[in-house]
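Participant: Sequence:
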Amino acid sequence: MAHPILVLGNVRSGRHSLIQALIQAKQPVEQPVALIYEPNNRTRAQFGFEGHTITFEWITNYALEPEDELEAFVQRPCVGVIYCIEPGHDRDHWLMVPPMSQARQLVDFVKSFWQSNKAWDTLPWLWVLTKSDLASANLLAPLMAKIDPYGQPQQPICCSALDAHSFEPIYAWLRTIVQTCPTCIDQLQPLAEFRAHIPALPLPINWHAVPSYPKLNLAIMAIVRQALPPVWQISEYLPQLGLHIKIEIAGMAINQAEIQPWIGEELPCYLDWTTPIEPQILEIPPPNHSIMLSLKPNQLEVIPMDVPTSLLKTIHSLGASRPVLALLIDQQTTNVFWVCLNDYIDKISLPAQAGQFNHSIHTTIFIPTKNRLEHNDLTIDILGFYAKRAKLLAAFSVFREQKARLDYLKDAELINQAQIFARMNIHYDFWQSCRLWKPIIQIYHKLVHLADHGFTDPKMHKKAQKHQHYDESIWESEWAEKPVKLVDSITYSGIIFCWLDMQQLAASYEMHCRCWFLPTFSG
Numbered sequence: 024m025a026h027p028i029l030v031l032g033n034v035r036s037g038r039h040s041l042i043q044a045l046i047q048a049k050q051p052v053e054q055p056v057a058l059i060y061e062p063n064n065r066t067r068a069q070f071g072f073e074g075h076t077i078t079f080e081w082i083t084n085y086a087l088e089p090e091d092e093l094e095a096f097v098q099r100p101c102v103g104v105i106y107c108i109e110p111g112h113d114r115d116h117w118l119m120v121p122p123m124s125q126a127r128q129l130v131d132f133v134k135s136f137w138q139s140n141k142a143w144d145t146l147p148w149l150w151v152l153t154k155s156d157l158a159s160a161n162l163l164a165p166l167m168a169k170i171d172p173y174g175q176p177q178q179p180i181c182c183s184a185l186d187a188h189s190f191e192p193i194y195a196w197l198r199t200i201v202q203t204c205p206t207c208i209d210q211l212q213p214l215a216e217f218r219a220h221i222p223a224l225p226l227p228i229n230w231h232a233v234p235s236y237p238k239l240n241l242a243i244m245a246i247v248r249q250a251l252p253p254v255w256q257i258s259e260y261l262p263q264l265g266l267h268i269k270i271e272i273a274g275m276a277i278n279q280a281e282i283q284p285w286i287g288e289e290l291p292c293y294l295d296w297t298t299p300i301e302p303q304i305l306e307i308p309p310p311n312h313s314i315m316l317s318l319k320p321n322q323l324e325v326i327p328m329d330v331p332t333s334l335l336k337t338i339h340s341l342g343a344s345r346p347v348l349a350l351l352i353d354q355q356t357t358n359v360f361w362v363c364l365n366d367y368i369d370k371i372s373l374p375a376q377a378g379q380f381n382h383s384i385h386t387t388i389f390i391p392t393k394n395r396l397e398h399n400d401l402t403i404d405i406l407g408f409y410a411k412r413a414k415l416l417a418a419f420s421v422f423r424e425q426k427a428r429l430d431y432l433k434d435a436e437l438i439n440q441a442q443i444f445a446r447m448n449i450h451y452d453f454w455q456s457c458r459l460w461k462p463i464i465q466i467y468h469k470l471v472h473l474a475d476h477g478f479t480d481p482k483m484h485k486k487a488q489k490h491q492h493y494d495e496s497i498w499e500s501e502w503a504e505k506p507v508k509l510v511d512s513i514t515y516s517g518i519i520f521c522w523l524d525m526q527q528l529a530a531s532y533e534m535h536c537r538c539w540f541l542p543t544f545s546g
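Sequential numbering from 24 applies to the sequence shown in this note's numbering.
Honestly, the hints are just simulated from the structure, not real lab data. Backbone N, C-alpha and C define an ideal beta-carbon position, used for all residues, glycine too. Be careful, since some hints might not be right.
To be verified - FRET-style restraints, in silico, Cβ to Cβ: (1) Gln322 x Arg67: 58 to 64 Å; (2) Leu401 x Pro462: 35 to 41 Å; (3) Arg428 x Ser344: 22 to 28 Å; (4) Lys486 x Leu401: 24 to 30 Å; (5) His385 x Gln354: 18 to 24 Å.
Sequences and hints are given; from them, build the entire structure.
Facilitator: Here you go:
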């Protein structure tokens, strides 16, 4: 019997499904698939591969295997080892604790085994992640580096049974083993012959079934730097999430003399650079609303950009409160185009695919050509507005709670409490950074006037003073125990309507603001 390739893993179904999918995706014609269940809780699979017979062997369930039997299994003569890690299922968050702890246990076991069995030092080996995303792969990379017998980390392969292309790196790895010493694959030959050829192998073999993320060079950083205000800082960000840089926002405009300090606002960015960029025309139909059915489709000039689907899944799992930008850099013209990935996912990608991500490695998005970073006040307003999103969403929650409390107050208590809330709210630092959004600017002016003068609308007060019964307490009000003067009635209603407007900001932001600068009909 030929020497097998051992398969180790932290999830039983992961090992079995990996080999099954690997064989089915290749669809060999030389020899049908043969799954052999043996005693001692072991499974062997054989299939024809480019004129040779490949044998995989793995333990069906580690929990049923005594420790000495497990060590005896991994000490078997073999021609390669596959470590199969399953960090979590597709619907789960990539930081699931149980699978991660199991992965660490496997790493610790293999590390101790490598230290005590030097014969494995020259074996080809491969890390494979199933049902994972890019974040999982990069999160586990440091663990894998701990047991690297070659002194450098090996990028894991991310495989999916739904994407046959993702198995190509494993086939290339198998092809390397077969070509090195076919006699060890097809028949039981001494492994010394195989290991004699090992130094000629290009190990470790760094195959990438997911897109690689090249390290940023100074030229790319300089292009991004030129498109931003000089007081804003850029730095490398979280490679384990597939994000290249972050832009740290300083609250200032170009024509301001003073530079405000950085106050915790930053925009993570995914970068891609190419040359030349070729725009295309995208036809955008009107929304499926009865009042808009008569409108004609819009013609929008856009630039296609491929983004890893695994990155989109990770960004979506992080939520919309922290915007992530995709920057597409034209190295020839040094133009930088951008789009917000969180909004693109929620408003375009998922609705167009019935709420599901596609199963391909890349997803093509379209960036409007008008979304070009330039060193001007408009760029500062736009990026500053995105950077304030977490603060805005937190404030919307506060506004709803304040409105609920004001509903129980009347007369002077209503005014006093509303003034306290107004003084609290105007201290938020996002008001002046939302110049693109007119409703919130109007609300800010009302809150300032309420905090200083006790009412929200000076124009209405001036009109009320011209009424012939202005000074008579004959006016009924829902927010007063007894009839009040006209000016008091206007004050009460102005306060309540102001907080009603504030309460509607969340819906307006979700419906309108998050569609801005996207290739949508109203974007």
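Participant: Give a verdict on every hint.
Facilitator: To see whether the hints hold, each was checked on the structure:
{"no.": "1", "hint": "Gln322 x Arg67: 58 to 64 Å", "result": "60 Å, holds"}
{"no.": "2", "hint": "Leu401 x Pro462: 35 to 41 Å", "result": "19 Å, violated"}
{"no.": "3", "hint": "Arg428 x Ser344: 22 to 28 Å", "result": "24 Å, holds"}
{"no.": "4", "hint": "Lys486 x Leu401: 24 to 30 Å", "result": "37 Å, violated"}
{"no.": "5", "hint": "His385 x Gln354: 18 to 24 Å", "result": "20 Å, holds"}
Going through the hint list in order, the structure does not satisfy hints 2 and 4.
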